[in-house]
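*Asks:* Spelled out, the chains give:
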Amino acid sequence: MQEFWGRYKRNRSAVFGLVVIILVVLMAGFADLLYAFDPFRLAGKPLSSPGTNGFLLGSDSLGRDVAAGIVHGAKTSLLIGLVATMVAVFIGVLFGAFSGYYGGRLDDLLMRVTEIFQTIPSFIFAILLVAIMKPSIASIVIAIAVVSWPSVARLVRGEFLALKNREFVQACHTLGMNDLRIMMREILPNCLSPIIVVGSLMVATAILIESGLAFLGLGDPNIMSWGFQIGAGRTMLRSAWWVCTFPGIAILITVLAINLVGEGLNDALNPRLRERN
Amino acid sequence: MKTKLLDIRDLFIQLPAGADRQYAVQKVDLELTQGETLCVVGESGSGKSLTARAVMGLLPAPHVQVSNGAINFNGEDVTKASYDRLRDIRGSEISMIFQEPMTALNPVMSIGAQIDEIFRYHVDMPSAERWQKAITLLEDVNLPDPAHIMNAYPHELSGGQRQRAMIAMALALKPKILIADEPTTALDVTTQAQILKLIRDMQKANDTGVLFITHDFGVVADIADRVAVMQHGLVVESGSVEKVLNNPTHPYTQALIDAVPSLSPRKARSRSKVQVLSATDVCKTFGGGRGLFGFGVASREVKAVKNVTLDLHKGETLGIVGESGSGKSTLARCIIRLMDTDSGDISIEGTQINKLSRAEMRLWRNKIQMVFQDPFASLNPRIKVGDIIAQGPVTQGTSKIEADKRARELISIVGLDERSFERYPHEFSGGQRQRIGIARSLALKPEILIADEPVSALDVSIQAQILDLLEEIRDQMNLSMIFITHDLRVAAQVCDRLAVMRYGEVVETGATADIFANPQHDYTRDLLAAVPGKDWKSSAKPKKVAPKKKAPASTTKPKKKLATKRS
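Chains A and B, in that order, are what the protein sequence lines are. At position 179 of the first sequence the residue is numbered 1060 (our numbering), and the sequence of numbers has no breaks. At position 195 of the second sequence the residue is numbered 199 (our numbering), and the sequence of numbers has no breaks.
For the record, the hints were derived by calculation from the structure and aren't laboratory data. Since we're looking at a predicted model, the values are computed, not measured. Glycine included, each C-beta is placed from N, C-alpha and C at the ideal position. Heads up, some of the hints might be wrong.
[To be verified] Estimated spans, in silico, between C-beta atoms of each pair: (1) R427(B) - L987(A): 32 to 40 Å; (2) N72(B) - L963(A): 55 to 63 Å; (3) L1133(A) - D344(B): 18 to 26 Å.
[Said to hold, decoys possible] Below, simulated SDA-like cross-link-like pairs (lysine to any residue); rule was C-alpha separation at most 25 Å, straight line: (4) K1045(A) - M343(B); (5) K926(A) - N1147(A); (6) K1045(A) - N370(B); (7) K449(B) - A533(B); (8) K1045(A) - S1032(A); (9) K388(B) - N1147(A); (10) K890(A) - N370(B); (11) K1045(A) - T355(B).
Use the sequences and the hints to build the structure in full.
*Replies:* Shown next, in the form of C-alpha cells:
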C-alpha cells in the first residue's frame, strides 16, 4: 500500500486531482450543513448577479440559489457516477470473464451481444432508455450502466484471454481447482489494476452523461443536479451568464480531477511496468 | 600480423541510482583482433550484453552510460565519438545481430527492403544494383530462393531463416566487427548448429572479428578462439578457449563449467517392473474450427501429437526430447489433462483417465502433478507463497491448518527459507521460484511428476541445483517422472529412458545410454550431432549427482533432509 502511494504521488497532477475530488466529496457530504435548505426553494430575488442579495454565485430565474444548487448537485453527480460505474463494471466483468475464460461459442455469443450495445451511439441510447423508463435516479443509473459496460467487458475479456493460458492458471487446473474459483481467486485479482483505471475514468463519463440527460430535461425532476442547472439557465446565457457557468465549471473541474486520478492510478498500477524486476 | 580491431580499456558502465549495483560493468579490459572470435560468457545480469552495446554506442543513455574507460575501435575511441560518427560506424564497420530475430526485424517491411535500407544509408548505389547485391547476400547465407525471400515478410520465415536474414543484413557492408548477442539462444539445436557454422564461414570469408555473447559453454567450445568470463560486471577470467574450458583457474569459471551437464549419459538404473502410466495411440489436433454459425472456411489443422505410445515405470525418469513444435509439451498437457485428447488411451495404474469427466479427474489429481517451464509465469503474483503451495491440498479437501503445515514442510524440503511462507513470488529469483513451483507440485504427494522444461529458463549454475533437487525428491519420494527437455545434455544426466519426438511423433525410444551410444533414427543422429560443444567434456567422466561444490552465484539455502516419506 505504501509502495503504491509512493508510485502514485510521483505524478503531481494526479495528487492535485485527488485533492480536488476530496474537496468535491466533502462539499457533497456537508451539503446540508453549508446550505441547510432545499435547493429548489425560492431564496431571494431572481437573477441576482454573483455577490449581490446574499447570493455567493447569484440566483436563477426562479430565485434559486446557484451555489446551493452546485453543492447539492455534487451529491447527485457523485452518487450517479459511482453507482452507475459499479453496475457497469459488475456487468462488464461478468460478461468479459465468462467470455474470455470459456472462449468458443460462449465467447462468440457474448461478444456479439456486446457489439450490439457498442454499435448504438451511447448518449442517444441513454436518452432512449431514460425516456422509455421515465426519468428517475434509478432509471438514469440503469441507462448509464447499460451504455457503459461493453468497454469493461472487452477489457476484462482481453485480460482473461491473456491470463487463462498462463502457467499459474494451468497449475491450478492440475491441482483440480474448479473454474469459478480459478476465475475469481486466480485470474480476477490479476486484472484488477486495469479495471480500476477504466472504472475511475468511467465515473467521469457517467457524470457527463448524467449532466447531459439533466440538461435535456431527462433528469430526476425532484433532485438538484448540475446538468439541470445548466439546462435551466441556458436560455439566459447572455443576460445571466452565472446560472450556467458555475455548474459548468463544477462539472469541468470534477471530471478533470477524476481523469487525473485515473491517469495516476494507471501509472501506479500498471503491472507491465513493474513486472519481472 | 593481424590488426587489433577493438581494444576496451578499463571500462566502467554506470547504472542509475537505485539499481542493485553501482556499475553494470567494472574495470573491463577486452581485446579483439581481426579474424578472431572472442566469446564473452556469463550468466544473466553479468553485464555481458551491456558491454556489447557500449561498443555500438547503444546504451540506454542517460540512465546507463559509460562513466570511465575507453573503447578503441581501430584507434578511435567510440565512447567519445559524435552521434553522426557513430551512425557511420554502426552497420558499416561494426554491426550486430540479436537474440530474437523476430523482434529485431521490422514486421511490416519485407526482408529485401530492410537489407536495402543499409545500403541506402551507407553507400551510394543505384537501386537495381542494391537489389542485386541484396540477393547475393541472401545467397551467401544459404537462404533458399533468395528472390522470393527478398519480398517475404519476417513472419513468413522460420526462426533460423530470420536469423540468416539478420546475418546477411549485418554482414552487408563487410563490417570489421560483428557483435552477436546470444544469436542462437532462441533457436532449436539443429538450427543453432547451422547458424554457428554460418557465422564461422562468413567470418573466415571476410576476416571479421566476432564478439560473441553467450551463456552456453557448449557454444563457446564450438566457436570461440578466446574466452572472457564475466561475473557481476567483472571479467574474472580470460584466455584461449583451450585454457579457459579445460583448465579454468578462477573458482567461478570452475563452478560454471562444472555445472554444465556432461553429454555422456549417466549410468542406467535398473527398471522396475511396475508400470504406473501408459499412453497408447494418443492423438491431438488443433484448429479446424468454424465460427459461431458454422459458416466459412475451417481454420488450419495442426496435428500436434500423432499416435504416440509411451509407458512409464515406477521410479524411473522418462525424458521426452525434441525441438520446438515437436509436440512434447502438448503431449504432457494431454497426459495431465490440461487438454483433452482426440483419441487414444492414457492410463494411470490401469484406469483410463483421458476420458474421465473433470469432476472424476479431480480425484486423480493427487496422482499426477506438473512442474512448469517459466518460473515467472507459473506463480500467481497476487498470492503468497505459502498459499500457493497449500492451494492443492485445500482444493482437495484438506483443512487449511493441515495444508499450511504441509506447505511449511515443503518449503524447507525444497531448500527455501521458512519465512518464504509469508512472501509474494516477486521477491524471489528465478531459481527460487522454480523451487516454489516444485513444492506446489509435491503438495498433493503425487506419484507421477511431469516436469516441462523445468530448467530451460534458468542460468546454468541454478539449473544444476534444480536438477539435483528434482533427483533427490524423486528418489526420496519414489516418484516416477516425465521430463520434457530440448537440451540433450540435461537429458543425458537426468533421464533413464528417452523418447525422441519430431512433428508430433515419437521417432525413437530406448534407454538413454543406448540412444546416445547408438541412435537408430536419422533425426536422433542429427540432434546428437548438433549439440554444441559435443567434443568438449564428452570425454570427461559423468558427474556425480549433487556436486558439493556450490556455485558462488547460487541461491542455496540450508537444505533439510527430507522428513516425509510416502505412506
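*Asks:* Hints first: check each against the structure and report whether it holds.
*Replies:* Right, here's what the structure says about each hint:
no. : hint                           : in the structure
1   : R427(B) - L987(A): 32 to 40 Å  : holds (37 Å)
2   : N72(B) - L963(A): 55 to 63 Å   : holds (56 Å)
3   : L1133(A) - D344(B): 18 to 26 Å : violated (56 Å)
4   : K1045(A) - M343(B)             : holds (13 Å)
5   : K926(A) - N1147(A)             : violated (47 Å)
6   : K1045(A) - N370(B)             : holds (22 Å)
7   : K449(B) - A533(B)              : violated (39 Å)
8   : K1045(A) - S1032(A)            : holds (20 Å)
9   : K388(B) - N1147(A)             : holds (24 Å)
10  : K890(A) - N370(B)              : violated (47 Å)
11  : K1045(A) - T355(B)             : violated (29 Å)
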